[in-house]
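Q: In the order they appear, the protein sequences are chains A and B. Residue numbers for the first sequence follow my numbering, beginning at 1 and rising by one. Residue numbers for the second sequence follow my numbering, beginning at 1 and rising by one.
Worth flagging that the hints you see were computed from the coordinates, not collected in a lab. Model, not experiment: these values are computed from the prediction. Please note: incorrect hints may appear among the correct ones.
Mimicking SDA-like on lysine to any residue, the simulated pairs with C-alpha atoms at most 25 Å apart in a straight line are [to be verified]:
id, chain 1, residue 1, chain 2, residue 2
1, A, LYS306, A, GLY239
2, B, LYS197, A, LYS146
3, B, LYS306, A, GLY154
4, B, LYS144, A, LEU48
5, A, LYS188, B, TYR304
6, B, LYS227, B, SER250
7, A, LYS261, B, ALA303
8, B, LYS306, A, LYS30
9, A, LYS146, B, LYS144
10, B, LYS30, B, HIS79
11, A, LYS146, B, ARG72
12, A, LYS30, A, LEU48
13, A, LYS73, B, ALA303
14, B, LYS66, A, ARG59
15, A, LYS306, B, HIS147
16, A, LYS306, B, LYS66
17, B, LYS258, A, VAL264
18, A, LYS73, B, VAL137
19, B, LYS30, A, LYS37
20, A, LYS146, A, ILE78
21, A, LYS30, B, TYR304
22, A, LYS188, B, LYS66
Computed list of chain B residues with no C-beta within reach of chain A, every gap over 12 Å [unchecked claim]:
id, residue
23, GLU62
24, GLU183
25, ASN281
26, VAL291
Where a beta carbon is used, it is the ideal one built from N, C-alpha and C, also for glycine.
Protein chains: 2
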Amino acid sequence: MAAGQWDLIIVGAGAAGLAAGIYGARSGLKTLLLEEKISGGTAYEAPLIENYPGFLSIRGSELADKMGEQCRKSGAIIHELEAVESLQLNGPRKTVTTNAGSYETPAVILATGSYYREISVPGEREFRGRGVSYCGVCDGPLFKGKHVLVVGGGNSALTTALYLSGLAAEVSIVHRKDKFRAEEALVKDVISRKNVKALYATEVKEIMGEKFVSKVKVLETNKGQHKEINVSAVFVQAGEIPNSQLAVDSGVETDDCKCIKTDVYQRTNLPGVYAAGDVTNHPVKQVGTAVGQGITAALEAYAYIKQPYYRK
Amino acid sequence: MAAGQWDLIIVGAGAAGLAAGIYGARSGLKTLLLEEKISGGTAYEAPLIENYPGFLSIRGSELADKMGEQCRKSGAIIHELEAVESLQLNGPRKTVTTNAGSYETPAVILATGSYYREISVPGEREFRGRGVSYCGVCDGPLFKGKHVLVVGGGNSALTTALYLSGLAAEVSIVHRKDKFRAEEALVKDVISRKNVKALYATEVKEIMGEKFVSKVKVLETNKGQHKEINVSAVFVQAGEIPNSQLAVDSGVETDDCKCIKTDVYQRTNLPGVYAAGDVTNHPVKQVGTAVGQGITAALEAYAYIKQPYYRK
Numbered sequence: 001m002a003a004g005q006w007d008l009i010i011v012g013a014g015a016a017g018l019a020a021g022i023y024g025a026r027s028g029l030k031t032l033l034l035e036e037k038i039s040g041g042t043a044y045e046a047p048l049i050e051n052y053p054g055f056l057s058i059r060g061s062e063l064a065d066k067m068g069e070q071c072r073k074s075g076a077i078i079h080e081l082e083a084v085e086s087l088q089l090n091g092p093r094k095t096v097t098t099n100a101g102s103y104e105t106p107a108v109i110l111a112t113g114s115y116y117r118e119i120s121v122p123g124e125r126e127f128r129g130r131g132v133s134y135c136g137v138c139d140g141p142l143f144k145g146k147h148v149l150v151v152g153g154g155n156s157a158l159t160t161a162l163y164l165s166g167l168a169a170e171v172s173i174v175h176r177k178d179k180f181r182a183e184e185a186l187v188k189d190v191i192s193r194k195n196v197k198a199l200y201a202t203e204v205k206e207i208m209g210e211k212f213v214s215k216v217k218v219l220e221t222n223k224g225q226h227k228e229i230n231v232s233a234v235f236v237q238a239g240e241i242p243n244s245q246l247a248v249d250s251g252v253e254t255d256d257c258k259c260i261k262t263d264v265y266q267r268t269n270l271p272g273v274y275a276a277g278d279v280t281n282h283p284v285k286q287v288g289t290a291v292g293q294g295i296t297a298a299l300e301a302y303a304y305i306k307q308p309y310y311r312k
Numbered sequence: 001m002a003a004g005q006w007d008l009i010i011v012g013a014g015a016a017g018l019a020a021g022i023y024g025a026r027s028g029l030k031t032l033l034l035e036e037k038i039s040g041g042t043a044y045e046a047p048l049i050e051n052y053p054g055f056l057s058i059r060g061s062e063l064a065d066k067m068g069e070q071c072r073k074s075g076a077i078i079h080e081l082e083a084v085e086s087l088q089l090n091g092p093r094k095t096v097t098t099n100a101g102s103y104e105t106p107a108v109i110l111a112t113g114s115y116y117r118e119i120s121v122p123g124e125r126e127f128r129g130r131g132v133s134y135c136g137v138c139d140g141p142l143f144k145g146k147h148v149l150v151v152g153g154g155n156s157a158l159t160t161a162l163y164l165s166g167l168a169a170e171v172s173i174v175h176r177k178d179k180f181r182a183e184e185a186l187v188k189d190v191i192s193r194k195n196v197k198a199l200y201a202t203e204v205k206e207i208m209g210e211k212f213v214s215k216v217k218v219l220e221t222n223k224g225q226h227k228e229i230n231v232s233a234v235f236v237q238a239g240e241i242p243n244s245q246l247a248v249d250s251g252v253e254t255d256d257c258k259c260i261k262t263d264v265y266q267r268t269n270l271p272g273v274y275a276a277g278d279v280t281n282h283p284v285k286q287v288g289t290a291v292g293q294g295i296t297a298a299l300e301a302y303a304y305i306k307q308p309y310y311r312k
């Protein structure tokens, strides 16, 4: 097998990609992971993960490092800081081209993740992981009994607010417009909760604090007045965007939100091409679900390569 | 809320159930797990798990204990040694009856797992986890370069043999009949491998060794002769049976193999009833995939309880 030839190439080395790498390599496949940044993905940035089964509480970077080490020890090769530039995914031999070279493989797993849209205000990056969060289910339980702020007006913002209303003492929803754009039933439910307050026509201008978030400065656009609100956390819900452009350009089908469509085997519309983790249209985006999908994708890729008759 | 009333009841406290418990309780649901044995499920019995992402190598019982502790600390209540005797799953209020009492809940997650059919020969239980295995993907990599034996003649036996042929030095398949009952293409592929040997009309009579498996005694039924074969591991593939009878009796739909049918949200055919882990028809049965399904089931159950309009 030439140096550029592999049994399995995994694009992205977050939780889904690393789980796939562990299973691919353990199955005896010559497995390569290509990661444009460093391995670990979104999990790497989480200051504290308390809901990945097996760890009561662990820094995201530590969990990511453990998975990375395990993936390498399983026999997979991880190329960090190597960005994939194009994919040719049709036919039995696929070509993956990066900024460093070109690789051939019969099977590809797309595990390129997603990113959260920022609201780009002072303090947002500074306090990320120290009060600024993009995921209510992940970080909500850290703020039990506190006052938290949700930024946004769509379904994800209102769903997050509803989720947080069961945990936090008080939830304020800050929205730039004077009407939420979420589903009416959801809006009704959320604003009927005693501990939820909707602040319409209001923009977050700055997130402030010492070590952790303690307040935000907002602008009430109708009055043209600034105001400060004391809060322990800011949940930004301005949108989650899958890193699926490369896949789209290569003929992989996505849904309305540009998430890659997969079936229960993590197959995409192209034979030998799988997807796992936050880039997919799976309804839940958690480390534990990404891991499960990565495992499934790797074992299915194995069956595809070694036993083409396995799935009829 | 009366003592017998819960937001979420999870039947079974293996990896899937515990993951669901962590997420259910963290979401603020009053969550009860009912487990007829002790918590941990199939994972508990594994002497060594090397493929659950995050742990390079961990005893199954230790991983199970960690998940159990995390589930309890999240706020879930686990009743061990409490067997569910009947389920009433229709309508918005469901009733779970055990040997100790009766509970009401709007949402149930079935995570009752499965068990492996044994071949019931001397040494099988004694060496379980010390050379006797029921899962090639789980334990195959522990026997790289060794001689291993697969017992069975169906698709799962042949698939296991094929998987092991890429890792072990030599794979012998012992089958009682003189013809495999697996798919023809699979049989052809497996017996064409240089390091695979098929032993037809042969029955395993005893599994032997000191601390670990070192040989098996077989009977060649046509000749009526006994023979000993030196092997490092015996992979029993006599069938995996889902613990789904209670579910079937309560109107939950299963497939031909009696595995519970679920969709991508882990929903069953009954509103408010979910299933996760080895009892489902998901194609992969690993701790990591059970965990992912448990998480999804819990978050979907949450959405069902709190936001009935959430899924249209």
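Q: Does each hint hold? Answer for all of them.
A: Checked hints:
1. A:LYS306 <-> A:GLY239: Judged against 25 Å, a Cα distance of about 40 Å means the pair is violated.
2. B:LYS197 <-> A:LYS146: Violated, at roughly 65 Å.
3. B:LYS306 <-> A:GLY154: Holds. LYS306 of chain B to GLY154 of chain A sits at ~18 Å (cutoff 25 Å).
4. B:LYS144 <-> A:LEU48: violated (37 Å)
5. A:LYS188 <-> B:TYR304: holds (17 Å)
6. B:LYS227 <-> B:SER250: violated (48 Å)
7. A:LYS261 <-> B:ALA303: Distance of about 22 Å is within 25 Å: holds.
8. B:LYS306 <-> A:LYS30: Roughly 46 Å separates the two Cα atoms, so the pair is violated.
9. A:LYS146 <-> B:LYS144: Outside the cut-off at roughly 53 Å; violated.
10. B:LYS30 <-> B:HIS79: holds (14 Å)
11. A:LYS146 <-> B:ARG72: Satisfied, since the Cα-Cα distance of roughly 23 Å is no more than 25 Å.
12. A:LYS30 <-> A:LEU48: Outside the cut-off at roughly 33 Å; violated.
13. A:LYS73 <-> B:ALA303: Between LYS73 of chain A and ALA303 of chain B the Cα gap is close to 39 Å, so the pair fails against 25 Å, i.e. violated.
14. B:LYS66 <-> A:ARG59: Cα-Cα ~16 Å, so holds.
15. A:LYS306 <-> B:HIS147: holds (21 Å)
16. A:LYS306 <-> B:LYS66: violated (36 Å)
17. B:LYS258 <-> A:VAL264: Holds. LYS258 of chain B to VAL264 of chain A sits at ~18 Å (cutoff 25 Å).
18. A:LYS73 <-> B:VAL137: Holds. LYS73 of chain A to VAL137 of chain B sits at ~17 Å (cutoff 25 Å).
19. B:LYS30 <-> A:LYS37: violated (41 Å)
20. A:LYS146 <-> A:ILE78: Cα-Cα ~41 Å, so violated.
21. A:LYS30 <-> B:TYR304: Answer violated: LYS30 of chain A to TYR304 of chain B is near 43 Å, above 25 Å.
22. A:LYS188 <-> B:LYS66: Measuring from Cα to Cα gives roughly 40 Å; hence the hint is violated.
23. GLU62: violated (10 Å)
24. GLU183: violated (7 Å)
25. ASN281: The claim breaks: ASN281 of chain B does not keep its Cβ more than 12 Å from every Cβ of chain A (closest is about 8 Å).
26. VAL291: Violated: least Cβ distance 5 Å, not greater than 12 Å.
Of the numbered hints given earlier, the model fails hints 1, 2, 4, 6, 8, 9, 12, 13, 16, 19, 20, 21, 22, 23, 24, 25 and 26; all others are met.
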